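Trainee: Given next are the chains, with one letter for each unit.
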Amino acid sequence: MNESRSSLYSLLTGLAGGAAAWAGIEIILRFTPLFPDLRTLTLSLGAASGLLLGAIVPMAEGLRQQQKQKLISGILIGSVLGLVFGALGMAAGQLLLTVLVDTASTNLSAWARIPGWVILGTAVGSASGLRSRSLRRTAAGALGGFIGGLIGGVAAEYLSSITTGYYGRAAGMLLWGMAVAYLADRMESRRGRGRLTILNGELKGRSFPVNQKKLKISHAPSADLTIPGTDAATAMVKLKGGTVILEPGGQVELNGEKAETTELRYDDVIKVDGVTMIYEAKR
Amino acid sequence: MRKITMLFIFAAIFFSAGTVGADEITLSGVDSRMTAVTGIVNLYAIVTDNSGRIVDSLKAEDFTVMDAPAGENPGDLAETREIVSFTSSGERREGITFMMLIDDSGSMYGNPGGDRAALARREARNFLDSLGNSMDKAGLALFGTRYRVLAGPRTDRASLYERLGLSAPPEPEEAYTELFASMVEASDSLRNEKGRRILILFSDGENYPYFQRSGEKHPEYSEKTFAADDALAALQKEGITLYAVRFGPRRDEDLAHIALSTGGLFFDVNAEEELSGLYSLIRERVQAEYRLGYSPGLTGARETSVMVELSGGSSSAVLNYPSGLVFGEPSRGNQALLSLLVIPFVLLILFILSRLWRKKPGEPASLERLRPVGGGNLTVALESGKTLISPGIAGAATTMTPAGSKTDVQGGGTLIVEKDKDGRWSISSDEGVVVNNRKSESTVLENGDVIKAGEELIVFDNGES
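Going line by line, the protein sequences match chains A and B.
Residues 5 to 287 (our numbering) are what the first sequence spells out, left to right.
Residues 46 to 510 (our numbering) are what the second sequence spells out, left to right.
Pulled out of the complex, with its shape left as it was, chain A reads as follows (with noise of 0.2 Å):
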């Protein structure tokens, strides 16, 4: 699976996102008066929005994978985080709205909801790194999150403004949605050292960012890169300074001998227990 493919999870994922976060909403703002008061509606809506996109973006992974395991972790966490940075994001767009901006006389209190989209972008970017508890892919993903939750909020924001309530939120979710879970892969994957692209098997096509200080593979489903198969054989390609180092353990070749702690070189051919794999190193 060459990047464009693997950028189509990451749209597909933030299209079904952002669509599921907009029936959400459409939803509780429907129930509007039954709500005690502003600040818990404001809550309600920015943590079901949150919730929705959390629990869905970060599946791409898992889909990628074809990985239960790193999909239900990705929904759990992916949920967390959408929940209660849904829930801030939307109070700061709430507070702007009614702080800063005249909602009587101009359009301008669309771009309130801004900061929110960022805040919750940043958030939903940062999920996939947190699951996999790398630092490194946080911090890439949290920044394309952040230019996603940018981009896509003001896109959405022009939308709504342009249409009605109703086709302008949904137009906007949905652009949001695929703009935040886009740029979030697409950071992770330039902060990388190279890819591993599958070259056989289930996952053959599917190629994956060397972009965390040490990438696990085996056939675990906690692995990092979870590979078709029970053998215990694993390798850890590890970025050390400039350099991407392997380290096998077991059944591991590196073109077509068997493998021991080597620096990586740029289309490098690694087979984990009959999985072969191509490095290419970013250059």
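No lab work stands behind these hints: they were computed from the structure.
Incorrect hints may have been included.
[To be verified] Derived DSS-like pairs: lysine-lysine, alpha-carbon spacing no greater than 27 Å straight-line: (1) B:497 x B:466; (2) A:217 x A:286; (3) A:286 x A:220; (4) A:286 x B:484; (5) A:286 x A:244; (6) A:286 x B:497; (7) A:242 x A:218; (8) B:431 x B:466; (9) A:262 x B:431; (10) A:72 x A:262; (11) B:497 x A:262; (12) B:464 x B:497.
From a predicted model like this one, the values you see are computed outputs, not experimental measurements.
Following the hints, put chain B in place on chain A, whose structure we already have.
Mentor: Okay, now just chain B, sitting in the frame of chain A:
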């Protein structure tokens, strides 16, 4: 005459206890800026008895607060809301921020009997005197064609006195009266001030906008002309109350509407002596306000009407304030429920992603170009006979063709992939082959092996999952 009478009534204000029965309530301000955080909207109310004296002894239970979406008949939809905080009249602990906005247009100068500009400054000084050493802040701004802040809100009185002294008739280009624009700008100047904020306007004329009257673009607003609604919206949004003093023969009817709609007052003054003590009266009135914090109802409407009633329904007052939600207004009818139709769409996307590019068992063995250069086929299914790989040279595409086909080009360096009698796929070439970065004359291919063909890489797939 009626307006002079009103002035007279307010001139007679002094603090006194009163009975609720004959009292009259005025809503003098609404502050909803912190509602998203506190859940509370603060209302400022003044109660006077039938002699116009301030009533300062009321308790929270003497008030009833109702609200409803602003519209033609908000009263029909109004619901009673809980008063969650209450500050008695005259007991406010934090200071009040006053902004004095003084007309400095051409008509304020060279009037018979003395400049109105000088008069306005004198009254402003008197107002500063009345503030004494209180925690109250005061700011000073002038306007003509442009809005100019001479001093932002501050407790330091000396610098204000000093700046009040600077006065000169404006050049013709600066002599227009951007009345409404200056009120919008003054709202902006007060935006970051906490607590109660009052705008005191002194003007002798009507809105006389530069662009509309001169036909030239305004140096700051270009072709934009501010209307009374813009000024009202800006003040209401900020919860700023306008006290407007108009002095002189020309009348702008919108000014009274703006002042009263923000909970303030409008003074139409015709003689200099009527001005005496007016600013101090404004201050006393603001200090006599009750503050009622109430928990607003949620309607999703962009604007809410709030009504405060004295017990027994003897008197009530209404003000509107902006109440938009961060996500905008709720959709109408069943549109919200229709949005649930996206759930199958979401599930479909996730299902497709879970199935996308999954390798199916039983596919034929194949060769796939990993990073193709130029055109040509990307994948070729391996047949029982030989398949020839012709590496591209100097940027040309690598071709993969079955031996004996029309496009078969066999030459030096051509790689031959074929199946041996044991059913294994192998690769060979008269110039040797590089598989998985290792060179040999020929080799048996394994699933996922990487074959180097000129500048390209080709991946062998044996068809097994």
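Trainee: Run every hint past the structure and note whether it holds.
Mentor: Now for the hints, and whether the structure bears them out:
1. For a cut-off of 27 Å, the pair hint linking residue 497 of chain B to residue 466 of chain B stands: about 25 Å separates their Cα positions.
2. A distance of roughly 15 Å separates the Cα atoms of residue 217 of chain A and residue 286 of chain A; the hinted pair therefore holds under the 27 Å criterion.
3. Between residue 286 of chain A and residue 220 of chain A the alpha-carbon distance is near 19 Å, which keeps this suggested pair within the 27 Å criterion.
4. Proposed proximity of residue 286 of chain A and residue 484 of chain B is supported: the alpha carbons are some 25 Å apart, at most 27 Å.
5. A threshold of 27 Å between alpha carbons decides the hint, and for residue 286 of chain A with residue 244 of chain A the separation of about 15 Å falls inside it, so the pair holds.
6. The suggested pairing of residue 286 of chain A with residue 497 of chain B holds, with an alpha-carbon distance near 20 Å, which does not exceed 27 Å.
7. Of the pairs offered as hints, the one joining residue 242 of chain A and residue 218 of chain A holds, with about 5 Å between alpha carbons and a cut-off of 27 Å not exceeded.
8. As the CA atoms of residue 431 of chain B and residue 466 of chain B are separated by approximately 13 Å, the hinted pair is consistent with the 27 Å bound.
9. For a cut-off of 27 Å, the pair hint linking residue 262 of chain A to residue 431 of chain B is broken: about 31 Å separates their Cα positions.
10. Using a Cα cut-off of 27 Å, the hinted pair residue 72 of chain A and residue 262 of chain A is violated, with the two alpha carbons roughly 31 Å apart.
11. Restraint check for residue 497 of chain B and residue 262 of chain A: satisfied, since their Cα atoms lie roughly 20 Å apart, inside the 27 Å limit.
12. Restraint check for residue 464 of chain B and residue 497 of chain B: satisfied, since their Cα atoms lie roughly 19 Å apart, inside the 27 Å limit.
When the structure is compared with the earlier hints, violations turn up for hints 9, 10 and for no others.
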